[in-house]
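Student: For reference, the chains in residue letters:
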Amino acid sequence: QSALTQPASVSGSPGQSITISCTGTTSDVGSYNLVSWYQQHPGKAPKLIIHEDKYRPSGVSDRFSGSKSGNTASLTISSLQAEDEADYYCCSYTGSGVLFGAGTKLTVL
Amino acid sequence: EEQLVQSGAEVKKPGESLRISCKGSGYYFTSYWIGWVRQMPGKGLEWMGVIYPGDSDTRYSPSFQGQVTLSVDKSISTAYLQWNTLKASDTAIYYCVRTGHYWYFDVWGPGSLVTVSS
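Note that the protein sequences, when read in sequence, are chains A and B.
Going by our numbering, the first sequence opens with residue 1, and the numbers climb by one from there.
Going by our numbering, the second sequence opens with residue 1, and the numbers climb by one from there.
Hints were generated in silico from the structure; no laboratory data involved.
Some clues are possibly wrong.
[Stated by the list, open to error] With a Cα cut of at most 27 Å, we get these calculated DSSO-like pairs of lysine-lysine:
1) A/Lys54 <-> B/Lys43
2) B/Lys12 <-> B/Lys43
3) B/Lys43 <-> A/Lys44
4) A/Lys68 <-> A/Lys105
5) A/Lys47 <-> B/Lys43
Work the whole structure out from these sequences, hints included.
Tutor: Encoded structure:
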C-alpha cells in the first residue's frame, strides 16, 4: 500500500489561512468517514487534531478544521500562528487497518 | 490522566532480539485497541499493527506482518512489540497509540528509540 498523498511542504504568514490536502483512493479516504490528522513538533510525539474527517478533540483550537470531498481530505488552519509550524500527517482507515500520508511540513513565515 | 508509558531507549546489534513495552494508565486498558507506529529517522509515520487487550485479537499491516509480533498482558495493562531478529533498518522511534473504535489515535506514548548497529 502506498502512503496517502500530501504536499511535501506548505507555508503561510501569521494570520493567514492554509490548507493541506490528503489524497487517497476509493478504497480508503473515499470509502470511510475515518480520516484523522496529526500534528508533530520536532522531537515530540504526534498529537491528534482532527478525527472522523472533521471533528476536533477537546482542547484543540477551533482554528483547525477538517473536510473531505471524494477521495481527498483537507486540513485547514486559519489565523496562522508561529506555534503551528510543525509536520502534519493525515491518516485513513482502509478496511483492514490504517494508512498514513507522507506528511506535510508547515512553515510559518 | 490517560497516558501510555513506554520503555526506554535500546541499542542492539543486528540479529539480536528485542521486546519493548507500553503501559497504559488512567483508563480501562481492555476497552481500547493499542497500536504501534514506526518513525524512521527523518521520515514519516507508518502504522504497524494493533492489538485488542481484551482478547489479544491482532491485526498487522501487510508491511510488518511476519516481521514483528504484538502481544499484551492485560493483568498489568501492558502491550509489547517484539522482534526476533533485528536489522539495521529497524532503527526508528516506535510509538504506542491508544486506538479508538473509529480508528484514530487519541493517546500517544512518548516513543521508544531503537537503534540497531554493529
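Student: Which hint numbers does the structure go against, in order from smallest to largest?
Tutor: Of the numbered hints given earlier, the structure breaks none, since each of them holds.
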